[in-house]
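Visitor: Chain residues, written in single-letter form:
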Amino acid sequence: MAIEGWERLPGGAIQENVAIDVSVASGEHAGRHAWVLRTDAPSAVAVSHSRPEEFELLRVALAAGVRVPEPLFLCADGEGPDFFVMGRVPGIAAGHRLSKEDSLVPDRPALARELGENLARLHRVTPGAASLAFLGEPPADPARASIAAYRRDLDALGAPRGEAWPALEWGLAWCARHAPEPLPACLLHRDYRTGNYLVHEGRLAAVLDWEFAGWGDPREDLGWMLARCWRFARPDREAGGIGTAADFLSGYARAGGRETGFAETRYWQVMAHLRWAVIALQQAERHRSGAQASLELALTAHIVPELEQEVLLLTEGPP
Amino acid sequence: MKVEPAAADLLDIARATLLAEIAPSLPAQQRYTALMVANAMAVAARDLAAPAQDADEIARLAALLGDWTPPGGDALREGTARLAARIREGRFDEPAAKALLLEHLRTTTRARLAVSNPRALARQPGKAT
Numbered sequence: 001m002a003i004e005g006w007e008r009l010p011g012g013a014i015q016e017n018v019a020i021d022v023s024v025a026s027g028e029h030a031g032r033h034a035w036v037l038r039t040d041a042p043s044a045v046a047v048s049h050s051r052p053e054e055f056e057l058l059r060v061a062l063a064a065g066v067r068v069p070e071p072l073f074l075c076a077d078g079e080g081p082d083f084f085v086m087g088r089v090p091g092i093a094a095g096h097r098l099s100k101e102d103s104l105v106p107d108r109p110a111l112a113r114e115l116g117e118n119l120a121r122l123h124r125v126t127p128g129a130a131s132l133a134f135l136g137e138p139p140a141d142p143a144r145a146s147i148a149a150y151r152r153d154l155d156a157l158g159a160p161r162g163e164a165w166p167a168l169e170w171g172l173a174w175c176a177r178h179a180p181e182p183l184p185a186c187l188l189h190r191d192y193r194t195g196n197y198l199v200h201e202g203r204l205a206a207v208l209d210w211e212f213a214g215w216g217d218p219r220e221d222l223g224w225m226l227a228r229c230w231r232f233a234r235p236d237r238e239a240g241g242i243g244t245a246a247d248f249l250s251g252y253a254r255a256g257g258r259e260t261g262f263a264e265t266r267y268w269q270v271m272a273h274l275r276w277a278v279i280a281l282q283q284a285e286r287h288r289s290g291a292q293a294s295l296e297l298a299l300t301a302h303i304v305p306e307l308e309q310e311v312l313l314l315t316e317g318p319p
Numbered sequence: 001m002k003v004e005p006a007a008a009d010l011l012d013i014a015r016a017t018l019l020a021e022i023a024p025s026l027p028a029q030q031r032y033t034a035l036m037v038a039n040a041m042a043v044a045a046r047d048l049a050a051p052a053q054d055a056d057e058i059a060r061l062a063a064l065l066g067d068w069t070p071p072g073g074d075a076l077r078e079g080t081a082r083l084a085a086r087i088r089e090g091r092f093d094e095p096a097a098k099a100l101l102l103e104h105l106r107t108t109t110r111a112r113l114a115v116s117n118p119r120a121l122a123r124q125p126g127k128a129t
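Sequence lines, in order, name chains U and V.
Note that the numbering used here has the first sequence beginning at 1, numbered continuously upward.
Note that the numbering used here has the second sequence beginning at 1, numbered continuously upward.
Do not take every clue at face value.
Below, a list of computed lysine to any residue pairs in the SDA-like style, where the Cα atoms sit at most 25 Å apart [unchecked claim]:
| id | chain 1 | residue 1 | chain 2 | residue 2 |
| --- | --- | --- | --- | --- |
| 1 | U | Lys100 | U | Arg67 |
| 2 | U | Lys100 | V | Asp54 |
| 3 | V | Lys2 | V | Met36 |
| 4 | V | Lys98 | U | Pro319 |
| 5 | U | Lys100 | V | Ala28 |
| 6 | V | Lys98 | U | Arg144 |
| 7 | V | Lys98 | V | Ala81 |
| 8 | V | Lys98 | U | Ser250 |
| 9 | U | Lys100 | V | Asn117 |
| 10 | V | Lys98 | U | Leu313 |
| 11 | U | Lys100 | U | His200 |
| 12 | V | Lys2 | V | Glu57 |
| 13 | U | Lys100 | V | Pro118 |
| 14 | U | Lys100 | V | Glu89 |
| 15 | V | Lys98 | V | Asp54 |
| 16 | U | Lys100 | V | Ala23 |
| 17 | V | Lys98 | U | Glu316 |
| 18 | V | Lys98 | U | Arg152 |
| 19 | U | Lys100 | V | Glu57 |
| 20 | V | Lys98 | U | Asp155 |
| 21 | V | Lys98 | V | Glu57 |
| 22 | V | Lys98 | U | Pro318 |
| 23 | U | Lys100 | U | Glu316 |
| 24 | U | Lys100 | V | Asn39 |
| 25 | V | Lys2 | V | Ile13 |
| 26 | U | Lys100 | U | Ala110 |
| 27 | V | Lys98 | U | Arg151 |
| 28 | V | Lys98 | V | Gly73 |
| 29 | U | Lys100 | V | Tyr32 |
| 30 | U | Lys100 | V | Ala75 |
| 31 | U | Lys100 | V | Arg82 |
| 32 | U | Lys100 | V | Ala120 |
| 33 | U | Lys100 | V | Pro51 |
| 34 | U | Lys100 | V | Ala81 |
| 35 | U | Lys100 | V | Ala20 |
| 36 | U | Lys100 | U | Gly317 |
| 37 | V | Lys2 | V | Pro27 |
| 38 | V | Lys98 | U | Ala263 |
No lab work stands behind these hints: they were computed from the structure.
Fair warning: this is a prediction, and the values are worked out from it, not measured in the lab.
With the hints as constraints, model all of the structure from the sequences given.
Guide: And the structure:
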């Protein structure tokens, strides 16, 4: 086997991705291949899964009919950082381009429906598979569990300097007051949004970045995809700046997902903005604490007021 | 007397020069980094130019909290932490208290947005989608 090309791919704050061109002389994989090698960046965050866990998530997703890069080989022998190799899927992920350039997405309703259908296939995976035991037990009430977790996160973030975020606290109090009855838990991607999937020739090619996947309420993934903070250049297109919420949600229902109206996702859009705000504060804290001086991490703090404004707008009344 | 042009002016002209004369000739990855640098300089310039609003915010916090006398030292930080704790306790559920709280949160958030991302100020209440 010979590695003929090696190029680091941009954009991995948490993981590093390297495009490799490989030539295999003989055996099952004989031939030339375009693969991606994925390993930990020096600054991995605690909540993300390990490479072996992510490899298993890709296998489960692929078996469920979700479009993902094909997981090929895993190396976790302890001699150096864990890594795995997966198929390299052509396509564009950049949200500012996919939301703006119609030539990349000639049929927006079709892509929005595809995104819904694909998510519905993932949500058919329910707790029980032994290979996903590392995900732990599903929370009995995911919304309340998330609220408690985000409050703990804010306490930890505020402790060093006596800081606090009243607008986010207001959003959390509103979510606690209006928490819906939980739905049966299923496998969530937890970062299913424009920017984290590849589009090739107008079609959904592969969903990336599985490091936050876990058990939860399926509406959490719907709210994340529909939240204004992930619409890039086109905030008028509710489904990730790509298409309408109606198209996305009809694709979701058509592939076996629960019938859900846009209004019902509002609660989960609030949760989405709260979660992104907490993550943004955590990223900024890595810079502020001196753990990792970084312009990108520093600027992430300045996204938070926009998320606060969205939380205030969405919570003026009951859900 | 300080030497003029000083901080805000220097940031503005440095940013304009970066965008006009350096960024266009960079490869894509470095251009992206240059745009982040320009963005950071814009935030910093707006921060320097922002009117002092701490006294207003402390007064609003005192009105909301009722039994709180702003201490010496970092009153803004302490009042903000106290308000956050009371919100978490669910103390602003009653309509009049809630209206007053939301007014404070909107005002505070608008001031933060004016520095961090003034373009988002165009968003209007009742238009959340």
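Visitor: Does the structure keep Lys100(U) and Ala120(V) at a Cα separation of 25 Å or less?
Guide: The given pair, whose Cα atoms are some 19 Å apart, holds under the 25 Å limit.
Visitor: Compare the distance between the alpha carbons of Lys100(U) and Glu57(V) with 25 Å, and conclude whether the hinted pair is satisfied.
Guide: violated, 39 Å
Visitor: Does Ala81(V) sit within 25 Å of Lys98(V), going by the straight-line distance between their CA atoms?
Guide: Holds, at about 18 Å.
Visitor: Take a quick look at whether Lys98(V) and Ser250(U) sit within 25 Å of each other, Cα to Cα.
Guide: violated, 37 Å
Visitor: For a C-alpha distance cap of 25 Å, please report whether Lys100(U) and Asn39(V) respect it.
Guide: holds, 21 Å
Visitor: Please verify whether Lys100(U) and Glu89(V) have alpha carbons no more than 25 Å apart.
Guide: violated, 43 Å
Visitor: Has the given pair, Lys98(V) with Arg144(U), been kept, meaning a C-alpha gap of at most 25 Å?
Guide: holds, 22 Å
Visitor: Next pair to validate is Lys100(U) with Pro51(V); report whether the Cα-Cα distance is within 25 Å.
Guide: violated, 36 Å
Visitor: Taking only the CA atoms, is the gap from Lys2(V) to Ile13(V) under or equal to 25 Å?
Guide: Since the Cα atoms of Lys2(V) and Ile13(V) sit roughly 18 Å apart, the hinted pair holds (cutoff 25 Å).
Visitor: Given the hinted pair Lys98(V) and Pro319(U), is their alpha-carbon gap at most 25 Å?
Guide: holds, 16 Å
Visitor: Compare the distance between the alpha carbons of Lys100(U) and Ala23(V) with 25 Å, and conclude whether the hinted pair is satisfied.
Guide: holds, 22 Å
Visitor: Within a Cα-Cα threshold of 25 Å, do Lys2(V) and Pro27(V) meet the stated pairing?
Guide: Distance ~38 Å between Lys2(V) and Pro27(V) Cα, so the pair is violated.
In this structure, the earlier hints numbered 2, 3, 8, 12, 14, 19, 23, 28, 30, 31, 33, 34, 36 and 37 are contradicted, and the remaining ones agree with it.
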